[in-house]
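Novice: Going down the list, the sequences are from chains A and B. The opening residue of the first sequence carries number 0 in numbering that gives the first Met the number 0; numbering runs sequentially from there. The opening residue of the second sequence carries number 0 in numbering that gives the first Met the number 0; numbering runs sequentially from there.
Check before you lean on any hint, since a few could be wrong.
Unchecked claim - Among the chain B residues that face chain A by a calculated CB cut under 8 angstroms, a handful are: (1) G134; (2) V143; (3) S147; (4) Q151.
As the list claims (entries may be wrong) - Listed next, the stretches of chain B that the computed footprint assigns to chain A, with coverage defined by at least 3 CB atoms under 8 angstroms from CB atoms of chain A: (5) 21-33; (6) 60-73; (7) 91-104; (8) 107-116; (9) 127-133.
Since the hints were made in silico from the structure, they are not lab data. We put the beta carbon where it would ideally sit given N, CA and C, even for glycine.
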Amino acid sequence: MAAGSTYTPIATVTTSGSSTTEVTFSSISGYTDLICVANVKPTANITAFQVRFNGDSGGNYSYVQYSGNGSSTATTTDTGQTYALASGALLNTTDPTVYIMYVNDYANTTTYKTLITRGNRPADTSLAAVSESASIWLSTSAITSYTLRAGGEVLVAGSTFTLYGIAAA
Amino acid sequence: MSLILGILAQSGGAAGAANSYESIATVTVGSGGASYIEFTSIPSTFEHLHIRYTSLNSTTTSSLMQVNADTGSNYSYHYVGRAGAGSVVAGGASSQSNIFLGNTQQSTIPLSHIIDILDYKNTNKYKTVRLLSGGYQGAYAPWVGLLSGLWQNTNAITSLKLYPASGTLLEYSKATLYGIKGV
Chain A
0 MAAGSTYTPI ATVTTSGSST TEVTFSSISG YTDLICVANV KPTANITAFQ VRFNGDSGGN
60 YSYVQYSGNG SSTATTTDTG QTYALASGAL LNTTDPTVYI MYVNDYANTT TYKTLITRGN
120 RPADTSLAAV SESASIWLST SAITSYTLRA GGEVLVAGST FTLYGIAAA
Chain B
0 MSLILGILAQ SGGAAGAANS YESIATVTVG SGGASYIEFT SIPSTFEHLH IRYTSLNSTT
60 TSSLMQVNAD TGSNYSYHYV GRAGAGSVVA GGASSQSNIF LGNTQQSTIP LSHIIDILDY
120 KNTNKYKTVR LLSGGYQGAY APWVGLLSGL WQNTNAITSL KLYPASGTLL EYSKATLYGI
180 KGV
């Protein structure tokens with residue numbers, strides 16, 4: 000009954016040098032859903048860790064997010080943004096933030112695309128945080144490229160990004 | 000500087016690292032909509048189940064799940080998340096007739112669900128569901144949440160039903176069931 004193995008690692012990027020501000024996976028095809036796992040740290044504090052699809056930097060994204068830091072909670076929502084949200088504040092701490100990001104049915108050309116994410120920044124300080132977000136990209140185009148960016152700030156060398164593809168039966 | 004990495008399609012891409020994650024079945028709702036999506040005769044050859052579900056709904060309602068066609072008050076759930084305007088919310092209920100999977104709006108914007116059902120064929124304990132769901136379905140009612148569900152039954156899971164509390168699933172709603180093997 001099962002159609003066969005899936006959940007395939009498509010590509011992994013590890014940043015190097017001191018000038019990388021974003022990572023793009025391009026020419027994506029052949030799967031049903033996408034999962035991206037990232038372990039990142041910027042070189043400066045930023046207000047949002049961002050995702051763009053197909054290079055679209057127009058105001059075609061909206062999102063909702065909530066987070067907790069062990070003592071309090073916070074939530075944000077916004078429309079007409081130039082990026083989908085992987086999480087809010089991403090800090091230049093000694094501790095990286097890890098993300099898992101999901102896009103279901105990324106290649107369909109009839110519905111808008113929803114990105115849902117979980118982010119965890121474990122830290123032995125008040126900077127620890129856990130967050131979850133949902134974003135919409137107001138386009139019915141198939142997703143063929145997937146860009147992750149630290150709001151224009153440089154990513155610390157050794158930040159890792161892996162994209163997986165899942166093929167449905 | 001940007002790093003741009005070209006990717007090959009599946010047939011020519013990197014070899015899959017694992018053979019433990021298998022696609023079992025997919026249901027896509029056709030024109031005219033449907034009341035529910037159901038997976039039946041789920042094989043017992045896996046250790047865990049995983050569902051990736053995208054719903055488009057005809058009305059503002061709750062997204063729900065039932066197991067083995069059990070309509071009794073044998074379910075519990077709880078959640079933390081953000082629903083609509085305002086602050087972070089948390090809640091839950093016991094003795095329910097289904098598991099709550101999230102809030103959904105009358106919308107052509109999809110609500111995505113990532114669902115795990117652990118140890119689904121074990122006949123010695125109740126079954127636990129964990130999931131993440133979210134969708135920005137209008138500025139008045141976005142939803143994102145982390146949820147848990149409990150089915151108070153020791154039977155192996157052989158069927159799963161996904162459905163809205165009211166209205167119908169619209170065309171292009173889609174769910175895929177995956178099996179994850181153990182060693």
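Novice: Look at each hint and say if it fits the structure.
Specialist: Hints and how they fare:
1. G134: 5 angstroms, holds
2. V143: 4 angstroms, holds
3. S147: 14 angstroms, violated
4. Q151: 27 angstroms, violated
5. 21-33: Coverage by chain A holds here, the residue count being 5 at a Cβ distance below 8 angstroms.
6. 60-73: violated (count 0)
7. 91-104: violated (count 0)
8. 107-116: holds (count 6)
9. 127-133: holds (count 3)
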